[in-house]
Amino acid sequence: MGGFINSQADNEICEVLNKRFSDQTIPSGGQTYIGALRDHFQNKENFLNGGHHLHRVFHRLATSVTGGTSVPKVAKSRFRWLFLLRKNLPAAVTTAIRGQLTAILGPPATHPAGAVDYVTFLTRHVPTGTGTFELWSQNSTVPVIYTDANGKKYCKIVLECNTDAPLADNPNEPDPPTPDGGETNITATTIPAAKKTKAKKSSSAKKSSAKKKKAAGKKTAGKKAKKGKSRR
Amino acid sequence: MLFSGRLSEQEVREAKRTNRQSVLEIILDDFRKAFPNLTFELQLDFTIINAQAIKLEDKSTVTLYGGLALHPRLGANSLTFILLHEVGHHLATGCRSGRDPSLACECASDCWAATAGMNTLLEKSGRSLQMRTALEELNRLMSPIQPEKGGYTKRIASSACWATEWHLRRRALLEQAQSPTNSGCCITYI
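Chains as they are written, first to last, in the working numbering: chain H, 1 to 232; chain D, 1001 to 1190.
Looking at chain H on its own, in the form it has when it is part of the complex (with noise of 0.2 Å):
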């Protein structure tokens, strides 16, 4: 995106979309998570025909990259995610979404975009010739391929915003969202880091570990916020 100022909750929705659509290896498996994607899609479960919610779809992809935390972790942000994806898109969009993404994650032979090898999700404020949200170009279905620097294919799935408005609020947006008929399980990808922190401790480290938190307490929510940063 090259935003010049970090936005958390942008990058948190950016991100894991990149790695779902990415063709890094699976920590637990052999397939790619965009090869494990397709699988999935063409195999098991059309999420992308109307039958499905965008808002739900989301939710689901992106935990089964983190392995169950909700994202944007902040919640007031998560809402007014949910809540444009689930109301205040333009049918257009999302017709435009399903379509990108449907040519990515089908077969090759309907589109050449279902070989690219992975797929980047972007934001940008710009006038648009709906006088609202497109995606990039103007709401079209077909995604453009692109080549990066090793030779790679890849597409970039761009949401255009409008208007000069923060997102609107929706404090009783449902948080998960409620699932759609015939949801089949997205391969869970990661352990949630907190479980695999345990897993991998030995037996000393625990002992160790639990000495430390009797003597030293309860930490404080700084201190333990840097704790996890520094360990990315």
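Please note that a few of the clues may not be correct.
[Unchecked claim] Here are the computed lysine-lysine pairs in the BS3-like style, where the Cα-Cα straight-line distance is at most 27 Å:
id, chain 1, residue 1, chain 2, residue 2
1, D, Lys1016, D, Lys1033
2, H, Lys73, H, Lys87
3, H, Lys152, D, Lys1033
4, D, Lys1059, H, Lys153
5, D, Lys1033, D, Lys1124
6, D, Lys1033, D, Lys1055
7, D, Lys1059, H, Lys152
8, D, Lys1059, D, Lys1033
9, H, Lys87, H, Lys76
10, H, Lys153, D, Lys1055
[Said to hold, decoys possible] On the chain H side, residues computed to face chain D include the following (Cβ under 10 Å):
id, residue
11, Ser137
12, Thr141
13, Ala149
Treat the hints as calculated values from the structure; they're not laboratory data. Using N, Cα and C, we set each Cβ at its ideal position, and we do this for glycine too.
Dock chain D against chain H, hints included.
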């Protein structure tokens, strides 16, 4: 971008009363001279406090939004640095943006802006950048958004991106630190 902060209506009105818009046009003309292959856009009608580099098909664009362009705490030096940073996304080599591999990462863009970028701008357009002044101006804007957490002083590592924390970013710019040498992306938010 959807969750970016915004400049208040009053601040926008006040900025538009001054000669800020003519200053912006002069700066952008210098950038167009120095980097003719890029498209520079000024989007004053969007009050988000941000700027963006984006490449769609073959068009490489740098957009400066109203919230930054008209921000009362920023002057010509900080605006010049912001634009150089965005140009750096298009022209810097090194580690890539996780968002879009056709763009350089934040740290590589900063590094390019503080070295090759400002030299090219000076050579091609005559516009010089006072980095210390730019960082002082930006510090007034960035410190409240990304406050220093204190407690200990992180080293600017050669293997890790500094761009998520403003105080590290500012220090790296002052020291003209080299950006990480990773070939992929060096930044993560989740």
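Each hint, compared with the structure:
Taken as a hint, the Lys1016/D and Lys1033/D pair is honoured in the structure, with Cα atoms around 25 Å apart against an allowance of 27 Å. For the proposed pair Lys73/H and Lys87/H, the alpha carbon gap of about 21 Å is at most 27 Å, so the pair holds. Of the pairs offered as hints, the one joining Lys152/H and Lys1033/D is violated, with about 33 Å between alpha carbons and a cut-off of 27 Å exceeded. A distance of roughly 18 Å separates the Cα atoms of Lys1059/D and Lys153/H; the hinted pair therefore holds under the 27 Å criterion.
Using a Cα cut-off of 27 Å, the hinted pair Lys1033/D and Lys1124/D holds, with the two alpha carbons roughly 7 Å apart. This hinted pair checks out: Lys1033/D and Lys1055/D have alpha carbons roughly 20 Å apart, not beyond 27 Å. For the hint linking Lys1059/D to Lys152/H, the alpha-carbon distance of about 19 Å falls within 27 Å, and the restraint holds. Taken as a hint, the Lys1059/D and Lys1033/D pair is honoured in the structure, with Cα atoms around 17 Å apart against an allowance of 27 Å.
Of the pairs offered as hints, the one joining Lys87/H and Lys76/H holds, with about 16 Å between alpha carbons and a cut-off of 27 Å not exceeded. At roughly 15 Å between alpha-carbon atoms, Lys153/H and Lys1055/D fall within 27 Å of each other, so this suggested pair holds. At a threshold of 10 Å, the smallest CB-CB gap from Ser137/H to chain D is about 7 Å, leaving the interface hint in force. This hint is violated: Thr141/H has a C-beta 17 Å from the nearest C-beta of chain D, more than the 10 Å allowed.
Look at Ala149/H: its Cβ gets to within about 7 Å of chain D, closer than 10 Å, so that hint holds up.
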